[in-house]
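> The residues making up each chain are set out below.
Number of protein chains: 2
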Amino acid sequence: MIRVAIIGSGNVAYHLAKCLHGKQQVSVESIWVRNPEKEVLFNTYTYRICNDIHALPDADIYVLAVSDSSIASVCAQLPFKDKLVIHTSGATNIDAICTKQRGGVFYPLQSFSIGRVIDYNKITVLLETVNESDKPILEKLASAFSNRFAWVSSEERVKYHLAATLVNNFSNHFYTLSELFLHKNNLRFDLLKPLILETAEKVQHLSPKMAQTGPAKRLDLPTLERHLSLIEDVDLRHLYEIMTMSIRKIHDDLNREKNGHR
Amino acid sequence: MIRVAIIGSGNVAYHLAKCLHGKQQVSVESIWVRNPEKEVLFNTYTYRICNDIHALPDADIYVLAVSDSSIASVCAQLPFKDKLVIHTSGATNIDAICTKQRGGVFYPLQSFSIGRVIDYNKITVLLETVNESDKPILEKLASAFSNRFAWVSSEERVKYHLAATLVNNFSNHFYTLSELFLHKNNLRFDLLKPLILETAEKVQHLSPKMAQTGPAKRLDLPTLERHLSLIEDVDLRHLYEIMTMSIRKIHDDLNREKNGHR
Chain L
283 MIRVAIIGSG
293 NVAYHLAKCL
303 HGKQQVSVES
313 IWVRNPEKEV
323 LFNTYTYRIC
333 NDIHALPDAD
343 IYVLAVSDSS
353 IASVCAQLPF
363 KDKLVIHTSG
373 ATNIDAICTK
383 QRGGVFYPLQ
393 SFSIGRVIDY
403 NKITVLLETV
413 NESDKPILEK
423 LASAFSNRFA
433 WVSSEERVKY
443 HLAATLVNNF
453 SNHFYTLSEL
463 FLHKNNLRFD
473 LLKPLILETA
483 EKVQHLSPKM
493 AQTGPAKRLD
503 LPTLERHLSL
513 IEDVDLRHLY
523 EIMTMSIRKI
533 HDDLNREKNG
543 HR
Chain H
283 MIRVAIIGSG
293 NVAYHLAKCL
303 HGKQQVSVES
313 IWVRNPEKEV
323 LFNTYTYRIC
333 NDIHALPDAD
343 IYVLAVSDSS
353 IASVCAQLPF
363 KDKLVIHTSG
373 ATNIDAICTK
383 QRGGVFYPLQ
393 SFSIGRVIDY
403 NKITVLLETV
413 NESDKPILEK
423 LASAFSNRFA
433 WVSSEERVKY
443 HLAATLVNNF
453 SNHFYTLSEL
463 FLHKNNLRFD
473 LLKPLILETA
483 EKVQHLSPKM
493 AQTGPAKRLD
503 LPTLERHLSL
513 IEDVDLRHLY
523 EIMTMSIRKI
533 HDDLNREKNG
543 HR
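Residue numbers (my numbering), protein chains in the order written: chain L, 283 to 544; chain H, 283 to 544.
I should point out that these hints are in silico values taken from the structure, not numbers from a laboratory.
Treat each hint with caution, since some may be false.
One copy or any two copies: either way a pair holds, since identical chains are not told apart in the list.
In silico DSBU-like pairs for lysine-lysine, Cα to Cα no more than 35 Å straight-line [what the hints assert, rightly or not]:
| hint | residue 1 | residue 2 |
| --- | --- | --- |
| 1 | Lys305 | Lys417 |
| 2 | Lys305 | Lys466 |
| 3 | Lys499 | Lys531 |
| 4 | Lys363 | Lys491 |
| 5 | Lys540 | Lys417 |
Start from the sequences and build out the full structure, keeping to the hints where you can.
Right, dumping it as structure tokens:
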């Protein structure tokens with residue numbers, strides 16, 4: 283049984299606490315919650331809530347589920363140097379764990395929101411350790427959380443984090459811009475929801491390059507011009523033009539490749 | 283029983299033929315397939331395949347499922363003026379139907395690919411007719427296709443088409459850019475697939491503005507700079523910067539609104 287202490291009370295801490303609850307291989311011994319208002323998030327579970335970081339009970343793994351910018355400073359407050367301390371950040375190097383001798387990373391490649399129900403088994407967890415000898419225990423923690431994990435270096439992990447930003451933050455931003463545009467025109471965003479879902483489902487089985495459709499890909503100039511004439515917002519129009527050029531470029535490259543291989 | 287003739291053999295024609303097959307309210311009488319190579323797509327069904335547009339058998343609705351730029355010219359070839367002719371385009375005005383007297387539109391708000399299995403009941407169909415008296419028959423056709431339809435004008439429909447371009451084409455393009463970036467770095471795109479799906483699922487229940495996370499939203503400058511330093515492609519770097527500024531702008535506006543309401 284791996285004894286875990288969770289340090290933090292944000293989205294990742296919440297989902298870790300929720301997912302690991304009642305698991306056979308892992309026991310969450312305590313959660314460090316700096317802000318007492320957040321304690322309510324963990325009331326469902328009989329975890330020991332700890333407000334004083336120096337009073338954290340003994341554990342095998344200390345999970346720093348705090349903001350990227352707090353990792354080093356919270357780590358420095360930990361009252362020991364010989365325990366395995368891991369952070370959960372995609373963009374932060376493993377050496378932010380100041381103990382260094384026994385540092386690790388447990389980065390779930392997912393966008394978490396408190397309260398949202400998630401199938402944890404579908405999340406890929408990216409793992410890293412400073413010491414080879416800490417791999418088995420981290421792998422056990424990962425297995426208790428999800429079916430899918432992969433060992434990657436800090437350099438690789440930040441690249442996954444960047445790619446995740448493109449597919450999550452940037453796609454979601456187009457949902458937002460679309461909602462704002464429709465509402466401004468007194469139209470309904472909910473009509474688009476099945477399309478949003480199908481767009482994501484399609485690339486579970488098909489390469490996104492092959493799944494692409496639309497006026498930019500087929501260089502449908504009348505439609506592109508009609509769309510641009512409908513966008514009043516200068517920034518959105520600029521974004522539309524740049525996205526269209528980028529789609530054209532990728533598909534021109536693809537066509538050239540195809541022709542070259544013939 | 284509504285007798286339907288489908289004119290075209292592309293993605294929309296394929297899915298219409300597939301979905302309407304065996305429906306009680308609707309009978310597909312024939313399909314006009316210009317390119318004989320495409321006939322194989324419809325072999326599963328015992329539809330009458332017709333290569334000569336002048337030999338189309340009698341029907342109650344003629345569905346022009348052809349490319350936007352062919353609607354007017356194919357319509358002009360139809361050997362009658364008194365039948366209900368509808369097109370399936372999001373960006374094309376209803377007046378592209380040259381009969382005018384009995385024109386209509388049946389635009390499924392979805393991105394179709396041949397061979398892909400889709401739950402048609404989840405697709406919103408946007409409907410329009412020139413004549414009020416053609417509404418009931420078009421509504422019957424829509425009901426045979428999906429549970430969800432809405433009556434919108436040509437001006438409204440092209441705005442939905444634009445919004446659909448943002449959430450489908452542009453989101454999918456970020457999946458493509460992400461795949462290209464990861465492959466260039468010898469990393470695995472498949473690890474991102476659960477995140478892509480969750481991003482789309484989240485906004486089925488939550489406004490995308492509220493679902494937004496990431497370094498741009500929280501103005502996490504070290505991560506933004508680290509990401510930019512990893513992108514070798516000039517166009518992708520430019521796109522990353524513009525998307526980041528756009529996310530910042532929307533969320534600054536939101537914060538100002540929140541503060542203004544206090």
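> Taking the hints in turn, state whether each one holds.
Each hint, compared with the structure:
no., hint, verdict
1, Lys305 to Lys417, "within (20 Å within a copy, 58 Å between copies)"
2, Lys305 to Lys466, "neither (48 Å within a copy, 38 Å between copies)"
3, Lys499 to Lys531, "both (9 Å within a copy, 28 Å between copies)"
4, Lys363 to Lys491, "neither (48 Å within a copy, 42 Å between copies)"
5, Lys540 to Lys417, "neither (44 Å within a copy, 46 Å between copies)"
In summary, the structure is inconsistent with hints 2, 4, 5 from the numbered list given earlier, while agreeing with the others.
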